[in-house]
Amino acid sequence: MPPRLSLRSLTSAFTLTNRSVPTFLVPFVSQTRSASILSDLRDIPASYNKKIRRGRGPSSNKGQKSGRGHKGQKQKGKAPADFAGGQTPDHIVHGHFGFKNTVHGTEMSGINLDTIQEWINQGRLNPEQPITLRELCASRALHGIKDGVKLLGRGREALTTPIHLVVSRASKSAIAAVEALGGTVTTRFYTPLSIRRIKQQLMHPYVSLKWDQDAIGNAKLMVEGASTEEGRVKTLGFQYRLPDPTGRKELEYYRDKENRGYLAHLVKEGHSPSLFYKSPLQIEEARNAKAELEKEAAEGGTRKLSTQQNRIW
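Residues in the sequence shown are numbered consecutively from 1, following UniProt numbering.
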C-alpha cells in the first residue's frame, strides 16, 4: 500500500498567494486530496451481490445436493421445461386451444347501459349533449381505449334517460333499449391514432368528410358548419380531420342500417350493404341494364355500361 501524505504537508505544498494565481483559479488550485485514493475505491452497498457458494457443507443451505434435488437428468444436466420423461408431450396429447388474431383483430372497450345511467345520475355525463368516446374518457367511465368503444346491453332495465350515443359498435339489445326511450345510437369508424387525438381535443369526435348531417337526421348531432363539405374540409377549428373507413370490412359494417352505421345513407333502397354480395334487386337491375345495352348495340348504339357508379373507392 503506498504511503499517505499528511494533510499539513499537502496544504503547505499547494498553498499559493492570490498574487501569483488569477482570482478565478484560486478555488481550484487550493483544493487538496489524499495522495492515494485507489485503496479507498469501493462499490456502493446496493451494487454488491454476494456469490452463492454451492456444495460447501450443510450449514450454507446449499450443500450436499447443491439445490438440484436427488438423482436424475435435472441434477446431472439440463431438460426442457415441458419434458415428460420421453412420453408423448402434453401439447401433443391435448393440443392447442384458443386463437388470438393479432393481425386483423380489434380490441373494443365495452360500455354497458347501466354504467352510463349511473354516471348520469352522478352528474358525470350530460344526457342533453351527444355522448361520445371523448365524454366517456373525460368522465373516467372508460380507460385505455385502443380500437374503439362498443355499446353493450347489460343493465338495460336500469336505463331511464333518453341519450344520444356515438360509438364504434353496438349490440342489437343495446340499440333497442336506447331507441325505446327516444334516444339514438350512431356507429362510426375510428382508428387508434384518431382516438388519441380526440382525447387530446385535436380532432372532432364524429364529424368527417363523409358525415352527412341531413342524411343521418339527428338534430342532437348537428354541428355548426358541418352541413357543407367545404365546412367539413376546414376541420371545424380542429387541428386534424377525422378519417373515414377505406377497408371493405369497415365499409360494409358502417353501411348497414341494422348496425346504425353513419354511412347507411349511401345504400339505395333494396340494395345490400355488402360490396361483394348483391341483393336480388341489384341482380335484376344489372341484368336489365345489360339487356338494354345489348339491344342498343344491335341497333348501332355506342353507349357503354358505367362500372364506376357503384364504386366506393
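Derived by calculation from the structure, the hints in this document are not laboratory data.
Heads up, a few of these hints could be off.
Below, simulated DSS-like cross-link-like pairs (lysine-lysine); rule was C-alpha separation at most 30 Å, straight line [claimed, not checked]:
no.	residue 1	residue 2
1	K172	K257
2	K249	K210
3	K220	K150
4	K268	K199
5	K51	K65
6	K220	K234
7	K65	K146
8	K100	K172
9	K249	K220
10	K278	K199
11	K100	K51
12	K278	K150
13	K268	K249
14	K62	K74
15	K74	K172
16	K295	K278
17	K71	K100
18	K210	K234
19	K76	K100
20	K199	K100
21	K50	K78
Between beta-carbon pairs, the in silico distance windows are [said to hold, decoys possible]:
no.	residue 1	residue 2	range
22	S66	R154	29 to 35 Å
23	T191	R140	45 to 51 Å
24	L142	R53	50 to 56 Å
25	R287	H104	49 to 55 Å
Predicted model, so just to flag it, every value in this text is computed and none were measured.
Glycine included, each C-beta is placed from N, C-alpha and C at the ideal position.
- Please name the hints from earlier in the document that this structure breaks, with their numbers sorted from lowest to highest. 4, 7, 10, 11, 15, 17, 19, 22, 23 and 25
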